[in-house]
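These protein sequences, in sequence, are chains G and C.
Everything in the first sequence is counted per the numbering used here, starting at 1 for the first residue and increasing by one.
Everything in the second sequence is counted per the numbering used here, starting at 1001 for the first residue and increasing by one.
Quick caveat, the hints were computed from the structure, so don't treat them as lab data.
Glycine is no exception: its CB is placed at the ideal position from the N, C-alpha and C atoms.
Some hints here could point you the wrong way.
To be verified - Once the Cα atoms are required to be at most 30 Å apart in a straight line, the calculated DSSO-like pairs of lysine-lysine come out as:
| # | chain 1 | residue 1 | chain 2 | residue 2 |
| --- | --- | --- | --- | --- |
| 1 | G | K39 | G | K63 |
| 2 | G | K194 | G | K183 |
| 3 | G | K256 | G | K157 |
| 4 | G | K303 | G | K258 |
| 5 | C | K1042 | C | K1300 |
| 6 | C | K1042 | G | K153 |
| 7 | G | K194 | G | K98 |
| 8 | G | K194 | C | K1042 |
| 9 | C | K1084 | G | K39 |
Said to hold, decoys possible - Simulated coverage check for chain G against chain C, where a stretch passes if three residues somewhere in it have a Cβ under 8 Å from a Cβ of chain C:
| # | stretch |
| --- | --- |
| 10 | 126-139 |
| 11 | 208-222 |
| 12 | 354-362 |
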Amino acid sequence: MPPSDIRGSNVETTVLGADEIILNMGPQHPSTHGVLRVKLFLDGEKVVKSECVIGYLHRGVEKIAEHRSYQQFAPYVDRMDYVAAVSNGLGYCEAVEKLMGVEAPPRARVIRTILTEMQRIASHLFWLGTHALDIGALTPLFYCLREREEILKIFEKYCGARLTTHAFRIGGLQYEAYDELEKDVERFCQGFDKRVDEYEALLTQNRIWVGRTKGIGIISAADAIAMGVTGPVLRASGVEWDLRKAAPYAAYDQYKFKIPTEKTGDTYDRYLVRMEEMRQSRLICLQAIENIPAGPILGKVGKVLKPPPGEVYHAIEAPKGELGYYIVSDGTTQPYRVRIRPPSLINLEALDQMIRGHLVADVVAIIGTLDIVLGEVDR
Amino acid sequence: MNLSAIVAAVLAWPYLWPLVFVLVIVLVLPLVAGYIVLVERKVMADMQVRLGPMRVGPHGLLQPIADAVKLLLKEDIIPESADKAIFWGAPLVSVTAAMLALAAIPIGPFFQIADLNIGLLYVLGISALGIFGIVFGGWASNSHYSLLGALRSAAQLLSYETSAGLAIVSALLLAGTLSMRGIVQVQDDEGVWLIFAAPIGFFIYLVASIAETNRAPFDMPEAESELVAGYMTEYSGFRWALYFLAEYTNMIVVSAIATTLFLGGWLRPFAGTSLFNFLDFFPPLSLLGVAVYCLYRAPKQPVAVQKMFMVGVSGLCAVVALILAAPLLAPSGSFLAGAKDGLHGGFWFLLKVSTYIYVFMWLRFTFPRYRFDQLMRLGWQFLVPLSIANVMGVAGALVLHRQFGWGRVPSFGLSVIFTLAVAAYLLTVGENPPHTREGKEEEIAGNA
């Protein structure tokens, strides 16, 4: 937690000298997106300060990694950010590939890019639906889930699973793309632009929506960088930082796309950034399906993976921000240590600073706009 | 004393029909509220590309009954730290107040429990009492969520009752009576619904009534994403259902007030114009349409019981259609023909109330929720000044019309233009100030 006084005992006196109300939001609460607990110190309905309590969903993923072989651990990372499992898998597979000094073949890299971008759209759709629901708009959730369903169907056709996909393997792909993959992706992308317009028609110009999100939870670019905030939250503050451009991985260097940014870094800007990101992801998918190279889908990796002793850090731009894997190998078949940098956890640390001085109603809007997944925060 | 004399004596008893109406309302209202919930879920499903309840009965038609049974059988939990007596009684206050308000509302020229000469005042006063149930419940729960919900509810009701009251005043100026029946009578005599004389008053009342009944986008007191369930958080089982019943009854009450004041109550559209008499055939024909549709859908139901149920619903609609058609078919001057106003009046009244409630639902599923301070700002800085301007406009129009002999259209048109100008001024001046966090910036950042 960045500000030093949060755990301190300095109970601030309120306007009338009355005691603060301590409101325990969570761990069972409809809009903390899982089992997040936020202790709110309230003056009336104004938040004086807050304290996040996490760990209700801790499963020891990093420790489990030390007792599994490299391949065995791959499905576990899908369970961190379960809303964007494909992205998690991509980061892990590429990190191990980097450690071993192998590269996935071009065909595998393009298919990885397509699926990861589809996953980004799915993750953002889910975010939009739940965020709108938190602010009280009931209907966009179902529109978003309708489109997300189409993406999940593509995943299901590709690898048999919808949520925790384990779509990739270290060194490439396990499954060849099914015959209509391009057609399915294209059909989805063709209709999707109009669908995003539809969501925007419901929300972007809506007076209530603008009133609820503009100026709420502002975080400046300097603060965001100081706290290590990444992803759409950082870009909404005006920092043009996207690992897909800054340190290209998979096949991103082949495609043209823009990094959407905004200026003020409030909830409304983060909303705009994510909406534009969905459109850009759609464009990447459309470019990628035009030309999927032929060739093998799995690079030269043995059945037993024994990376040379050493360490590697590899980060990708997951839908929620920078997802990094730091892996230390001691030359055996099991990693010596895996450290995961989850974007949700780091972004959540900015919560206290963002909600101070706002009202209880804004707290749910700000938690929603951070787009956290507790499976990833707690690991 | 023979039988006919007894019957005559009973029929002559002045409290007979009110008593029957009371029984009907008390027995039927929970069912109606349950079915409004079902309709709401179906409307929501329709707007959200889903089917909604489909399991209990054909198209979920028995869902409200299943829900009621479930709620009755649930354990009635009273939290240990709650103030037991108040916790126990609070929902009763809410539901009683809501039901009592229905007493003065005329559902058709015949179906009315009591025609008070201060009917409107009574309805407003009694229905406002329901807030006590919410405040008591929120306080007695001894939970922060409940307390915040109850406080919000009280503040909200107070703020919006003001503008709703002023909107009603504009209608009262036009009607010149507080009797609910009298207000409809005036609209019949004048041949025009009051919504056309004071459209902005109707708009203000629409917004304020949504806020008063705590419905989205003004559902702060029970904002589920913020306060879990607001004042109802600690309630369960049937006590919770009573709050729900109160909420839906309140919806019916405000819709009935709006219908009576602005939408001509039980009057048919163009009631005074014989050219539009064919509209009399609309009530039976529309119900007949529903009956035919149900019959047409019946064979498509998957289970035999559901087929039978569908046929039953169809039959019920057909019977009601027949009842509504009877006065039209009977020879003029007969008893049945005389019952036309009573029967058709009820139909038109309920149709208008349903439409009004549908608008409630429509808004609920379209808009995000206001924040509490925004709600207050909207109430006090926009609606209250606007409703005052509206009262002034309507009063001015009446002066022009009655004292100076202006026509109705120019005088009331002028009042509408005046009120719209005020609205435009308020919108430009009262634009929400950019939200600023309270406190010094360094304190907020936590670096102080």
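Consistency of the hints with the structure:
no. : hint                : result
1   : K39(G) / K63(G)     : 29 Å, holds
2   : K194(G) / K183(G)   : 18 Å, holds
3   : K256(G) / K157(G)   : 28 Å, holds
4   : K303(G) / K258(G)   : 39 Å, violated
5   : K1042(C) / K1300(C) : 19 Å, holds
6   : K1042(C) / K153(G)  : 27 Å, holds
7   : K194(G) / K98(G)    : 39 Å, violated
8   : K194(G) / K1042(C)  : 26 Å, holds
9   : K1084(C) / K39(G)   : 28 Å, holds
10  : 126-139             : holds (count 8)
11  : 208-222             : holds (count 7)
12  : 354-362             : holds (count 7)
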